[in-house]
Structures are given as structure tokens and as C-alpha cells.
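Trainee: Next come the chains, spelled out residue by residue.
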Amino acid sequence: MRANRPILSILLWTLLSLVTLFPIYWLFVISVKPAVELFTTPSVLLETVYWKNYVKVLGDDTLRRYMFNSIIISTGNAVLVTVLAFMACYALSRFDLPGKENIFFWTITNRMAPAAVFLLPFFLLFTQVFVIGEWKLYDTRTGMILLYCTFNLPFAIWTLRPTIDAIPKELDEAATVDGATTWQVIREVIFPLARPGLAVTLILTWVFAWNEFLLAATLTSFNARTITTGLSEYVTTTGTEWGTMASIAIITLIPALLIFSVVQRHIVAGLTFGAVKE
Amino acid sequence: MRSNRVGWLLLAPTIAILGIFGIVPFLYVLYVALHQWNPFGANPYMVYNGANNFRRLVFDNEFLTSIAFTLKFAFFAVLSEVILGYFLAQLFMREFPGRGLFRTIHTLPLIVAPIVVGSVWRLMMTPSIGIIPYLLKSWFGYDLNIGRDATMAFALTVIMDIWHWTPLVTLTLLAALVSLPKEPFEQAQIDGANRWQIFWHVTLPMIRPAILATVFIRLMDALRTVDEVWMLTGGGPGAATRYLGLHIWKIVFPKTDYGYGSATSVIVLYLTLVMCWLLYVALVARRGQKRAS
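Going down the list, the sequences are from chains A and B.
Note that our numbering has the first sequence beginning at 7, numbered continuously upward.
Note that our numbering has the second sequence beginning at 5, numbered continuously upward.
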């Protein structure tokens with residue numbers, strides 16, 4: 007029974023991977039077809055490969071700028087959010103703050119708002135409230151990094167809280183008795199044990215920021231415009247340049263994949279270290 | 005006992021950021037909701053009209069239908085994602101060659117932007133040019149037409165959501181499973197518990213908080229889905245996939261009826277809040293009591 011399990015797992019995962027990969031494969035197929043061929047009878051396999059879309063996209067300075075913005079904004083936001091959420095969850099889990107469960111629930115309500123209507127107050131905040139002389143929060147990377155906290159911070163707090171709660175309190179009490187400061191407890195006791203949870207939070211907030219579209223489309227124009235928004239410029243009502251859009255989409259998978267493979271290792275680190283030793 | 009001041013200090017940045025970018029815009033939307041305001045209409049100024057927008061909502065058939073469809077969508081999508089995601093996370097806990105590769109493949113859908121997911125699924129599913137209707141037709145003689153068949157359009161939005169978001173559930177549950185202590189499992193095995201008993205009495209109670217957190221996140225995201233469904237079906241056929249996020253979008257953008265759109269948003273926000281609060285009280289607060297006693 008135990009001996010043939012790996013084979014079963016591999017078989018099952020291969021099947022699942024086919025389902026998972028098919029739409030992405032199809033995205034690739036679209037990216038290497040000239041526009042006219044898209045609307046002929048479809049076939050699963052590729053007969054000819056047409057690279058012009060990629061040549062066009064890679065040679066475009068604007069798109070490279072958008073890509074750079076996306077990387078800065080997503081990374082900045084994910085790191086900021088993960089650090090803040092880690093601090094907040096530690097406070098919620100370990101301190102006896104009055105009304106803390108209400109604060110905890112309030113954080114999540116920030117993710118519930120339907121986006122369409124909230125674009126207007128965000129726009130007003132960015133163009134009329136946060137203005138210092140010539141400088142506006144509108145169309146800046148800082149602005150987007152802060153704004154993405156509204157949906158990512160609640161998410162991060164909610165995914166991290168169970169992880170921090172599950173770390174036995176005796177561990178940090180013991181450390182405190184030994185004379186460790188709060189900072190040392192966080193760094194030496196909580197952080198190593200919370201690592202798988204922190205890694206997942208970092209990955210997922212990064213992804214949410216990377217994929218965000220509505221807010222970036224409204225609150226940036228050129229300087230801080232992200233690649234997802236740049237890509238959607240090819241989706242118009244008069245006719246979408248599917249090939250161009252698809253090739254940008256494929257290219258945006260590369261940095262995301264790199265981040266994933268780096269951060270995912272920390273989830274696995276949890277697997278090999280085993281669990282909390284009590 | 006450590007002083008609470010440190011605790012408040014650790015929470016302060018979170019409260020500050022969410023206060024500025026969360027509460028202030030909400031108050032603004034609440035204010036607009038009490039007005040008749042269409043900046044591109046015959047009268048472009050805000051006119052105070054009390055609760056009229058809300059009164060109109062109660063009898064708005066489109067809105068009520070949209071609520072029903074959205075709840076149906078969220079229920080099927082989230083339930084399938086959590087069950088499937090848990091199952092896959094458990095599979096990843098086993099050692100087998102190629103695990104890293106499969107994990108990477110499994111997380112790929114997450115890094116595709118919703119607007120791209122919607123576009124690709126649409127190109128795959130559109131009758132006469134899409135690969136899926138073509139294959140279904142030539143292999144099984146089945147006619148898939150999401151432009152006409154409301155049930156299939158609904159089912160496809162659910163399937164697309166499952167394809168896109170199950171990896172999120174798998175990852176969060178995997179992280180929870182990884183950090184569980186080993187002793188209870190070893191103890192249960194010594195006591196001769198079978199797999200089902202271990203799941204029910206050992207694993208489930210320990211990862212319940214993580215499952216709940218994930219359900220909350222997925223539930224509220226499913227309730228405000230816009231980009232993907234917009235690209236795949238555009239809300240159609242008819243109003244079969246016109247979920248709340250899209251519904252509000254259509255009030256605010258083509259019609260620029262800001263007053264009414266704001267009122268709708270306030271109600272949707274309120275409904276989401278009440279639903280999550282009830283779930284939270286029923287399931288999470290119990291955990292708190294247990295710990296306190």
C-alpha cells in the first residue's frame with residue numbers, strides 16, 4: 007500500500023496539472039497566433055508559431071516601465087502589509103487589549119467594499135486631499151503601495167492570526183521570564199515558528215497587488231501605471247488586440263513565477279523542520 | 005503582565021492606514037448615498053433626498069435578483085474551493101518525487117490577473133471560435149453556448165472561479181497544516197484511530213481557525229467579483245451572471261447614477277458585513293469562550 011502511493015500521487019497530480027495548465031497553455035496559443043487566425047476553426051495543437059507579438063511587446067519602453075512599476079508596487083506593498091499584519095496579529099494574539107476582537111473584525115470589513123463606488127472618494131483623496139504644493143499622491147508608486155493596504159492588510163491579518171494564535175503562549179512566556187524583551191520574543195520565538203504563514207501571506211498579498219486592476223486604472227496615468235493596467239489598454243470596446251494582450255500576460259508570469267519559487271521555499275522549510283516542539 | 009501600551013503601538017499603523025483609506029471613503033459614500041446625484045445628468049448637482057435611494061432599492065427587481073444570483077454563485081464557488089483546496093493541501097503534505105514542480109504548477113492560476121483569466125476563458129468558450137465548444141461538439145455532440153444558455157453561463161463562472169482561486173485555499177491550508185504539532189497525530193495513531201477519526205477529532209479542530217479565515221476571505225471576494233465575470237459573460241445572458249459587483253458597476257459607469265450606486269453599495273456592504281458577522285459569532289466567538297473558560 008505505502009509503496010505505490012508516490013505513483014498514485016504523481017498520476018493524480020499530472021491529471022490535475024493538465025486541467026490547471028490548459029487555460030494558461032491556451033493563453034500562450036493566443037499569444038503566438040496572428041490576429042486573423044484566432045477566428046478560424048480552433049485546434050488544440052499549434053501548427054505555426056508567430057513571434058511578432060513578443061517582438062513588439064519586448065521592444066516597447068512604456069511596457070518595460072509599467073513592468074518595473076508593478077514590481078516595485080507589489081513588492082513594496084507585500085512587504086509593508088506582511089510586516090504590519092505580523093505586528094498587528096502579535097498584538098491581537100498576545101495582549102489583552104479592550105475591544106480587540108471588534109478591531110479584528112473591523113479590519114476585514116475594509117475588504118468587503120464593492121470597488122466601483124469607492125473609486126470616486128479614492129480619486130478625491132488622491133487629487134485633492136493629499137497634495138503638498140505641486141506634489142500629489144495621484145499617479146505615484148507610494149500612493150498605490152498605501153492604497154493597496156485597504157484590501158491586502160485585512161487579508162494578511164486574517165490569514166496570519168490563526169498561525170500566531172497556534173504558537174503556544176508558554177513559549178514566549180518562558181522567554182520573557184528569561185529576560186527577553188518584546189522585540190527579542192518576536193524575533194527569536196514567534197518569527198521562526200510563523201515562517202510558513204508569513205511566506206504564504208507575502209506570496210498572496212504580492213499576487214493580489216500584482217493583479218489589481220480597477221484602482222490602478224483610476225489612480226495612475228503614466229508614471230505609476232502597472233502592467234495589468236497597461237495590458238488592459240489592449241482590451242477595448244472597438245476590438246481587442248488579443249495577441250498583444252496575451253503575450254504581455256505571458257511575460258508578466260515570469261517575475262511572478264520567480265517570486266513564487268523563492269518564497270515558496272519557506273513554506274517547505276516548515277515541512278522539513280517539522281512542527282512546533284512543545 | 006506586559007503593558008498594553010506596546011500592544012497598541014504594534015496595532016497603531018494598521019489602524020491609521022485602514023482609518024484613512026477605509027473609513028474616510030466610506031463616510032463619503034454614505035454621504036453621497038443620501039443624495040440624488042448624476043454628474044452627467046440633466047441636473048449635475050447633488051440634491052439631498054434623504055432615504056429615497058434606499059426606498060427605491062427595496063422594490064428594485066434587478067437588484068434583488070442580483071443578490072440571489074450572487075449568493076448562489078458564492079455558495080457553490082466557495083464550498084467547492086474549500087473542499088478541493090483542503091484535499092489538495094493534504095496531498096501536498098505527502099512526500100513524492102516532483103512535489104515542488106507540481107506545487108508550482110498548481111499555484112500558476114493565481115498569478116494570472118483576473119482580467120486576463122476572464123479574457124482567456126472567454127476566448128476558450130465563445131461558440132464557433134472557442135476550443136471547448138468545438139471539442140464538446142465534435143466529441144460528444146453537445147452544444148455549449150454561453151451566450152444563450154443561462155445555466156451553463158452560471159456554471160462556467162463558478163468553474164472559472166474554482167480554477168482561479170482553489171490554489172489560494174490550498175496554500176493557506178498547507179501553511180496551517182505544516183505548522184501543526186506532530187504529537188497529537190502520533191498519539192492518535194498509537195491509540196489506533198482510523199483516518200476519518202484523525203481528520204475529524206485531531207486535524208479539523210486544530211485547523212478550523214485557518215479554514216474559517218480562508219472561507220471569510222473567499223466569501224467576500226466572491227461576493228464582489230467583477231473583472232473575471234465581466235470579461236467572460238458581461239453579466240449575461242439576460243441577468244444570469246450579473247453579480248452584485250457588476251450590477252453596481254453598471255449603475256455607476258454607463259448610467260453615472262452616483263447617488264443610487266452609492267446607496268446600493270452601502271446596502272451590499274451592510275449585507276456582506278451582517279453575513280460575515282453572523283458566521284463569525286456562530287463559529288469563532290465560541291472558540292474564544294472555550295479558551296477563556
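What the hints contain is simulated information worked out from the structure, not anything from laboratory work.
Take the hints with a grain of salt, since some may be wrong.
[Claimed, not checked] Derived DSBU-like pairs (lysine-lysine); straight-line CA-CA distance at most 35 Å:
hint, chain 1, residue 1, chain 2, residue 2
1, B, Lys254, B, Lys141
2, B, Lys186, A, Lys142
3, A, Lys106, A, Lys175
4, B, Lys141, B, Lys259
5, B, Lys141, A, Lys58
6, B, Lys186, A, Lys175
7, B, Lys141, B, Lys76
8, A, Lys62, A, Lys142
9, B, Lys186, A, Lys106
10, B, Lys259, A, Lys106
11, B, Lys259, A, Lys142
12, B, Lys254, B, Lys76
[What the hints assert, rightly or not] Chain B is nowhere near these chain A residues, computed Cβ spacing over 12 Å in every case:
hint, residue
13, Trp57
14, Lys58
15, Val61
16, Lys62
17, Phe74
18, Lys106
19, Ile138
20, Leu259
All residues carry an ideal CB built from backbone N, CA and C; glycine is no exception.
Trainee: It remains to establish, for every hint, whether it holds in the given structure.
Mentor: Results of checking the hints against the structure:
Under the criterion of a C-alpha separation no larger than 35 Å, the hint pairing Lys254/B with Lys141/B is consistent with the structure, at around 34 Å. Between Lys186/B and Lys142/A the alpha-carbon distance is near 53 Å, which puts this suggested pair outside the 35 Å criterion. Between Lys106/A and Lys175/A the alpha-carbon distance is near 18 Å, which keeps this suggested pair within the 35 Å criterion. Distance restraint check for Lys141/B and Lys259/B: the Cα-Cα separation of roughly 39 Å exceeds the 35 Å cut-off, and the hinted pair is therefore not satisfied.
Restraint check for Lys141/B and Lys58/A: satisfied, since their Cα atoms lie roughly 32 Å apart, inside the 35 Å limit. For the given pair, Lys186/B sits about 17 Å from Lys175/A by alpha-carbon distance, which is consistent with the 35 Å threshold. With a CA separation close to 28 Å, the supplied pair Lys141/B and Lys76/B stays within the 35 Å bound. Distance restraint check for Lys62/A and Lys142/A: the Cα-Cα separation of roughly 33 Å lies within the 35 Å cut-off, and the hinted pair is therefore satisfied.
For the proposed pair Lys186/B and Lys106/A, the alpha carbon gap of about 31 Å is at most 35 Å, so the pair holds. Distance check on the hinted pair: Lys259/B and Lys106/A sit about 41 Å apart at the alpha-carbon level, beyond 35 Å; violated. Proximity of Lys259/B to Lys142/A is assessed by CA-CA distance (about 29 Å); at most 35 Å being required, the pair is judged to hold. Under the criterion of a C-alpha separation no larger than 35 Å, the hint pairing Lys254/B with Lys76/B is consistent with the structure, at around 20 Å.
The claim that Trp57/A lies off the interface holds: its Cβ sits roughly 19 Å from the closest Cβ of chain B, which is beyond the 12 Å cut-off. Every C-beta of chain B lies more than 12 Å from that of Lys58/A, the closest at about 19 Å, which supports listing it as non-interface. With 12 Å as the threshold on Cβ separation, the claim that Val61/A sits away from chain B holds: the shortest Cβ distance comes to roughly 20 Å. Consistency note on Lys62/A: stated as away from chain B, and its beta-carbon is indeed over 12 Å from all of that chain's, at 18 Å minimum.
Every C-beta of chain B lies more than 12 Å from that of Phe74/A, the closest at about 17 Å, which supports listing it as non-interface. At the 12 Å boundary, the C-beta of Lys106/A falls inside the reach of chain B, the nearest C-beta of that chain being 8 Å off. Chain B leaves Ile138/A outside its interface by the beta-carbon criterion, the shortest separation being 15 Å against a cut-off of 12 Å. A cut-off of 12 Å between C-beta atoms contradicts the statement that Leu259/A is not in contact with chain B; the least separation is 6 Å.
When each numbered hint is compared with the structure, violations occur for hints 2, 4, 10, 18 and 20.
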